[in-house]
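Peer 1: Could you slot chain B onto chain A? The hints should help.
Chains as they are written, first to last, in our numbering: chain A, 1 to 332; chain B, 1 to 264.
Worth flagging that the hints you see were computed from the coordinates, not collected in a lab. These numbers come from a predicted model, not from an experiment. Relax, there's no trap hidden among the hints.
To give a feel for the contact side, a few chain B residues facing chain A, derived at Cβ under 7 Å: (1) Asn18; (2) Asp96; (3) Arg97; (4) Met99; (5) Leu100; (6) Pro102; (7) Lys252.
Under the rule of at most 25 Å between Cα atoms (straight-line distance), these lysine to any residue pairs were calculated in the SDA-like manner: (8) B:Lys103 <-> A:Asp88; (9) A:Lys136 <-> B:Tyr10; (10) B:Lys13 <-> B:Ile75; (11) B:Lys14 <-> A:Pro154; (12) B:Lys253 <-> A:His233; (13) B:Lys253 <-> A:Ser45; (14) A:Lys136 <-> A:Ile151; (15) B:Lys228 <-> B:Ile136; (16) B:Lys14 <-> A:Gly105; (17) A:Lys37 <-> B:Phe169; (18) A:Lys136 <-> A:Leu199; (19) A:Lys94 <-> B:Pro102; (20) B:Lys252 <-> A:Phe17; (21) A:Lys20 <-> B:Asp173; (22) A:Lys14 <-> B:Ala91; (23) A:Lys36 <-> B:Leu176; (24) A:Lys95 <-> B:Ser245; (25) B:Lys13 <-> A:Ala152; (26) B:Lys253 <-> A:Ile82; (27) B:Lys3 <-> A:Glu131; (28) A:Lys49 <-> A:Ile237; (29) B:Lys253 <-> A:Asn42.
Virtual Cβ for every residue (Gly too), placed ideally from N, Cα, C.
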Amino acid sequence: MNPNSIIVSNLSKKFSFPVKNPSVGWVKNLFFPETKKIVAVNDISFSVKHGERIAFIGPNGAGKSTTIKMLTGILFPTFGKINILGFDPTKNRKKLAYQIGTVFGQRSQLLPNLPLTDSLEFFGVMYDMPEKEIKKRIAELVKLFDLSSFIAQPVRKLSLGQRMRAEVAASLIHKPKIIFLDEPTIGLDVVAKKMLRDLLLKINKEENTTIFLTSHDVGDIESLCNRTIVINHGVIIKDLPTKNLTKTFIYEKYIDLVALSNFTIFPKLPEGITYSSKDKNKITVVVDINKINVQESLKKLLDLFEVKDIDVYNADLETVIRHIYERSSTSN
Amino acid sequence: MIKEFYFALYAIKKNIQNSAELRVSFLINIIGMSINNTAFIILWIFFVKSVGVINGWVAMDIIGLLGFGALSYGIVFSIGAGIRKLADYVATGIFDRFMLSPKNLLIRTATSFFSVSALGDIVFGVVCLVIYIISIHATIYQILLIGLLVIISVIVFLTAIITIYSMSFFFVDANLVTGSLFELFLTPSLFHGGAFQGVMRFIFTFIIPSLLIGALPVEIVRDVSLEKLLLVGSLAIFWFIISISIFNRAVKKYESSNFITFGN
Numbered sequence: 001m002n003p004n005s006i007i008v009s010n011l012s013k014k015f016s017f018p019v020k021n022p023s024v025g026w027v028k029n030l031f032f033p034e035t036k037k038i039v040a041v042n043d044i045s046f047s048v049k050h051g052e053r054i055a056f057i058g059p060n061g062a063g064k065s066t067t068i069k070m071l072t073g074i075l076f077p078t079f080g081k082i083n084i085l086g087f088d089p090t091k092n093r094k095k096l097a098y099q100i101g102t103v104f105g106q107r108s109q110l111l112p113n114l115p116l117t118d119s120l121e122f123f124g125v126m127y128d129m130p131e132k133e134i135k136k137r138i139a140e141l142v143k144l145f146d147l148s149s150f151i152a153q154p155v156r157k158l159s160l161g162q163r164m165r166a167e168v169a170a171s172l173i174h175k176p177k178i179i180f181l182d183e184p185t186i187g188l189d190v191v192a193k194k195m196l197r198d199l200l201l202k203i204n205k206e207e208n209t210t211i212f213l214t215s216h217d218v219g220d221i222e223s224l225c226n227r228t229i230v231i232n233h234g235v236i237i238k239d240l241p242t243k244n245l246t247k248t249f250i251y252e253k254y255i256d257l258v259a260l261s262n263f264t265i266f267p268k269l270p271e272g273i274t275y276s277s278k279d280k281n282k283i284t285v286v287v288d289i290n291k292i293n294v295q296e297s298l299k300k301l302l303d304l305f306e307v308k309d310i311d312v313y314n315a316d317l318e319t320v321i322r323h324i325y326e327r328s329s330t331s332n
Numbered sequence: 001m002i003k004e005f006y007f008a009l010y011a012i013k014k015n016i017q018n019s020a021e022l023r024v025s026f027l028i029n030i031i032g033m034s035i036n037n038t039a040f041i042i043l044w045i046f047f048v049k050s051v052g053v054i055n056g057w058v059a060m061d062i063i064g065l066l067g068f069g070a071l072s073y074g075i076v077f078s079i080g081a082g083i084r085k086l087a088d089y090v091a092t093g094i095f096d097r098f099m100l101s102p103k104n105l106l107i108r109t110a111t112s113f114f115s116v117s118a119l120g121d122i123v124f125g126v127v128c129l130v131i132y133i134i135s136i137h138a139t140i141y142q143i144l145l146i147g148l149l150v151i152i153s154v155i156v157f158l159t160a161i162i163t164i165y166s167m168s169f170f171f172v173d174a175n176l177v178t179g180s181l182f183e184l185f186l187t188p189s190l191f192h193g194g195a196f197q198g199v200m201r202f203i204f205t206f207i208i209p210s211l212l213i214g215a216l217p218v219e220i221v222r223d224v225s226l227e228k229l230l231l232v233g234s235l236a237i238f239w240f241i242i243s244i245s246i247f248n249r250a251v252k253k254y255e256s257s258n259f260i261t262f263g264n
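So here's chain A without its partners, still in its complex pose:
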C-alpha cells in the first residue's frame, strides 16, 4: 500500500487576465486588451503521508488556495502531476470527491434556510450513503461535535462558531480519508478556535484522517499540525516539522529587560543588538548571535540599563513565520 495520501510533482498554475493600457485608447483596450500573466504556483513538489497533519501556510497571494484548489480538483493545473489517494483530480474528480472532505472558512456549503440536520442528510445522500448509515453517522457527528443544542436550528441562525463546527461535521459525513481546510478558524473567538482544533485532532487520531490545512492563525499551526510547508510567490520555501520551525531562526534571541524604576533614556545599542520594543517599564531587544553572543549582550545591556528582571527567549512561532515571509519577499 502506498504510504502517501498526496503526491505532487512539479505543479504549476498560471493565470492570465486583461490589463488596461493607459497609453492607448479605450477602443483598443476593449477589443485588443493586453494580457498579464501571473504564476500563482511555480513548480512545487511534495508528498503527504496517511494521517499526517499538514499546515500549508504563506502570506496572502502566496499560492496556498490555488494549490489546495488544484489538489481538490477545482482548478486544472497548467503543468505538473497530482496524485491524491491514487486519483488524478483532473481526470477522476468524481471518484476523488468520495474520498476527500473540504472546508472553506469563507464559504458555507450548508442549506441556509433549513435545519442543520437537513444539510447533513443532504451531504449523506450526495455521497450515496444508505439512509440507515446516514442516520448513524449523523448521530456520531452530533455527539463528536456537540451539535445537539442547535441541530434543529436553521443554518442562517447559527453563530459563526456553531456554523464552522457544522461545516466540518458536514465535510466528514462520508468519512473522508483526507480533509482539506482553507482557513477554518477565520473569524472565530478563542474558545471556538480551540474547540475546532481539538475536534480536528480527535478525528485525525480516531479515524486517521489526513489533515491539510491553510491558515494565517499561528495557533492552528502550532496546536494542530505536525508538519509545516511554507509557500511564497508560488514556491515552497520551507518544508519541515512544525516543532523545528522556531529553530529556523535560532540565530536570533530576544531579551526582555524589566526596569528597576523607570527607563528614561534609550541609548544606542551595541552592534548586533536592536530594540524590538521600548517602554518605560520594559524593553525588548533582539540579539543577532552571529554578531554578539548572549553572555556578551547581557553584560553590555546591564552596563546600559538598571534592571529588576531579565528574560532570554527564542522568537515565537508568529515572529518566525513573519521572518520567513519577509525573507522570501526580499529575496524575490
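Peer 2: Positioned in the frame of chain A, the structure of chain B alone reads:
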C-alpha cells in the same frame, strides 16, 4: 446514472423546502408570476383581435404558443434554475462547491437552485395548453403530439440555457452577457409565430432556436406535420449534444475566486 437522478430529485426537493421556508416570499413569487403571465396573454389576444390573422396564426395559436413557452420555461427553471445562476456562481467562486461534489457537474449545478416563480409558469402553461386543446377540438393524436412537443420544448429550452450560461466561464462577471443572450433567445420565443418568415424564420430556427419552443410546436399541432416534427426533434437532439459539449469545455476555463458567500 440512477444515483445521479435520485440525487437530482432529492436536491430539487430540498431546494423547494429551502425556498418554502420563506413562506410569504414563496407565495408572492408564484402568484406574481401567474398575474404577470395572464397580463401578457390578454395583451397578445387583444393584439391578434385588432390585427387579425397573420400568416395563418389566430388568437388560439397564441394561447398554445404561450402554453408551450410558459410550461417549458417553468419545467426548466424548476429542475434546472441553477444553470441560470452560473454567471454568479463562477464570478463569486460558488462553483467550487459543485466541482467538489461527487456528482455530474451539470446536474449538480442545475439542481442547486429552485426558482419559485417557475411554479407559477407551470400552472399557467398547463392552463393555456388545456384551453388550447379544448378550443382547437384536439384529437387524441394531437394531444399526444402536444405531450411529445412539450418534452422537445423542454429539451430545447434546457440546451439553450446551458449553451448561453456556459459563456459565464469565458467572461469576467458574465451576468450582462448571459442576460442579454438569454433575452435574445427568450423574447422571440414568446412573439407571434406568424411574424417570423423568410430569413428571420431561418435564423430563429437554426441559429437561435427560439421558434422551437412554441411557434413550431403550435404549427406542428395545427398542421399535424410529421416533417416539422422530425426537424424540431432532430434540432433538439443536435442542440442537446452541442450544449453538453460546450459546457464540458467551458468548465475547464473555470478559475475560481475567493468571494465570501453562503451556500445551498
